[in-house]
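Same order as they appear, the protein sequences are chains Y and S.
For the first sequence, the working numbering begins at 1441 and goes up steadily by one.
For the second sequence, the working numbering begins at -16 and goes up steadily by one.
It is worth saying that the hints were derived from the structure and are not from the lab.
Treat each hint with caution, since some may be false.
DMTMM-like mimics (lysine to aspartate or glutamate), calculated; alpha carbons at most 25 Å apart, straight line [said to hold, decoys possible]:
hint, chain 1, residue 1, chain 2, residue 2
1, Y, Lys2005, S, Glu128
2, Y, Lys1964, Y, Glu1993
3, Y, Lys1695, Y, Glu1725
4, Y, Lys2005, S, Glu113
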Amino acid sequence: MGLFLLAHAVHAQVGALQGVVRDGESGDPLEGANVIVRGTLLGAATDREGRFIIRGLLPRSCTIVVSMVGFRPAVIENIRATDPPQPAVEIVLKPTPIPTEQIVVTASRREQDLREVPASLAVITARSIADRNIVTMDEAMRYVPGVTVLQDQINIRGSSGYSRGVGSRVLLLLDGLPFLTGDTGEINWETIPVRDVERVEVIKGAGSALYGSSALGGVINVLTRSIPERSEFRFRLSSGLYDRPRYEEWNWYAKERFQSGVTLGYAGRLGPAGISVSIGRGVDESYRENDAYHRWTVFAKGQVDFSEARQLSVVFNMLNRTHGNFIWWKSLRDATRPSDIQRDGRVRSTRGNFSAAFRETVSERLFYVVKGMYFGNFWKDDSAGRGMNVSTSHRLQTDAQLTYAVAEDNFLTLGVAANADDVESNLFGTHGGYGMAAYVQDEWRFAERANLTVGARYDMQKVSTLAGAGRISPKIGVSFGVSPSAIFRASLGAGFRYPSIGELFVSSSSNVSQLVILPNPNLKPETSLTGEVGAWTRVSQNVEVDLALFWNEFNNLIEPGVTLKPIRLSPSDTAEVTRAVAEFANITRARIVGAEAGLTITWVERLLATDVGYTVLWPEDLSQNTILKFRSRHTLHASTSLTWGEYRVSADYRFISRVERVDDQLITLAPIVHGHSRVPIHVLDLRASAALVSLGLPVRIGVNVTNVLNYHYVELIGNLAPPRMYSLVLEGSL
Amino acid sequence: MKSLLPSLLLVLLLASCEGGLTLPPLIEPAMEGTITVVSPWPPQDSVKNLWLFASQIFPVDSANIFTGIFSGSIIIYPGLSLDSTLAYNVNAQTFHARVPPGTYYYIGILARHGDQFLETSSYRVVGILEESPGQPRTVIVREYEVVSGLEITVDFYNLPPQPF
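All chains should be modelled from the sequences, with the hints used to inform the complete structure.
Take a look at the structure:
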């Protein structure tokens, strides 16, 4: 909602257009619908009365696209931009239970129609996050077709294996800026302010041509909520109860275990300024021993609209957390207990970011955005008296982008970015680093419904005393609509990832994994090349199909290897001892070929909606001529929902085929007892919710049952996934 | 009817998934394998005892062997007594030694030929589990797991490197 606040022209001759957007069934005005003017960079969001006005246009006939989650988008042609504006045009959106988002920003760094994007892109809406009682964002990712999550490490179309999160091959963005930790280059899901997210866009495939390092497998852009037009006080209470596992041996706890959370928030505006603040408290007692967490979250966003064309927003976001250090089970017989050495460990962390973004729409053809972010991470791990590991990292990032509509059918985006890191840790040492980048992308509509995108980015990274490394990442993409209901797309893009300070310099002989971890400052950057061809078509009013074939070539993949090796435990030792040793190395050349099919159907007068996504992969380790570790060949996601007025019942099912190959050496040498135990994953979730507005209460109540079958499985070796959970959610706004 | 199709597919899928991971059997950790003597046997009165040992300490020397045995870091099979021994004059015999979970860096066959059982000079290592010639192989034994297929070769007239 409120995606845009554009539209103020500096031209002497300006026009404007205005309208009202209504629900096609009830006739009620729709607040928060997105309106964009094709061929320009201008747009608006509707207010409480469903009204919008877009200024700064050159006087002429325009085409606008109106979209909103839960409604079919509408394309209105031949609307005159005049001065003064003509009477408001009335636009009607037809409801659909398919929660589709049509306007996205990640693929081209500007608002564009989802169907113009020449790559596969999925959108997670705030509504689905709330409906599913998502606590951390990695849970939401599990519902995206083609995406799997190994504990907390995300894997888009097989791009990632498992490295305890270190060195993510998926780039996480928070409001368009990279949001990976400065020390280990990983995603810390808990730092994402879930309750303040407007939507999440997931690009499947390499995205380094616009976003640089780490975007080998994909890009996830988390967009925080805009400040609403009217003041509101928000609250959300949730409580979940873990069911007992099937086996008595796994019932280690006498009292029932709960997961609970409360979030309180306020948002309001005073003239051109607005603020949104929320504070959250979460406690998870966990179904596993020494796996509980307690956390506080604070999120604040401020926004100042200097004019309709100039906007400054600032964000402060912080997490403070204490949690147990369950790395892997003691054995499958004691699957809910950690190995003895992990039983008393605790990790305390404080993480947070402060960011600011200034955007100015200079004219209907030109806008620029300047962004900056500080992301700080501190954690300490006092694992079972085996010494304390501490890491403090600071990351500064800036990005300046300019987008110019060269013509109505040609958009040029230019930008520069820079980052600086500083890490101090007994695990990783004391190191600094910096990087600089420049990018350019041109989108050209070369025919009606046909777009060509060409771009490239140059990145230079330097870490500590190591030599700097530069890289150019090009891309090309095309989308071609043979009709309004059938669009083909194709893209080819490069990705790369510079190794994190953690991978380069980690060194430890005392940690809960019981492995000696050695540094490897000779690591080279990973690279990838992604190709995709796909097609989307609306077969009928009620059926949409999306098909994609993709191909990824990876080089120099960095993987943690575990071996037995004679080493000196300290530099002063003269004798060598044989120990299980882990170190990161460029060991793998890989190819992942796959196909993805998506089907969306609405049934029974559109009361019932079903989404099915199936992905098949052939992930080859070309170095060893075998399947890549920690990949599943088949994933199937199916969701169906029945919406009846204020009531909604839905179900999610996901199937992930058994991981065929894992790290045998890790299992043997760590050791992880019964580490080879794994099964195909079948998870069924059910939920029901009701808005109590008709009872005069501004409240929505929801009941969720996750893992209804109480199916026992592992996503990651040695880690039993949660059993069935019953949860109750109460949320509302005043 | 069309709306029943996904439901039917779902039921079929779920019917095939049972309950997932099951509880593995309770197994005492152990190592097992075969001891093969490839040389002639020495006179019986020169081999007073033959034991299999598995050591979590490496290297073993005269200073740490006895503390290792009494602390449980070195396991003696078939038993820690002068009455127990592996069979004499059997060229191939199997063993199943229960051991605590752990990493065993040095596994082999120990022979006692002297009468002073507290003197390391009374003992000789007559064969080891090898990674490569003369190089001990490490074996990791985990909870609920039996490590099988260990092959130890004994040559009474061509001894491996001695720890003491």
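Here's how the hints hold up against the structure:
no. : hint                  : verdict
1   : Y:Lys2005 x S:Glu128  : holds, 23 Å
2   : Y:Lys1964 x Y:Glu1993 : holds, 16 Å
3   : Y:Lys1695 x Y:Glu1725 : holds, 10 Å
4   : Y:Lys2005 x S:Glu113  : holds, 16 Å
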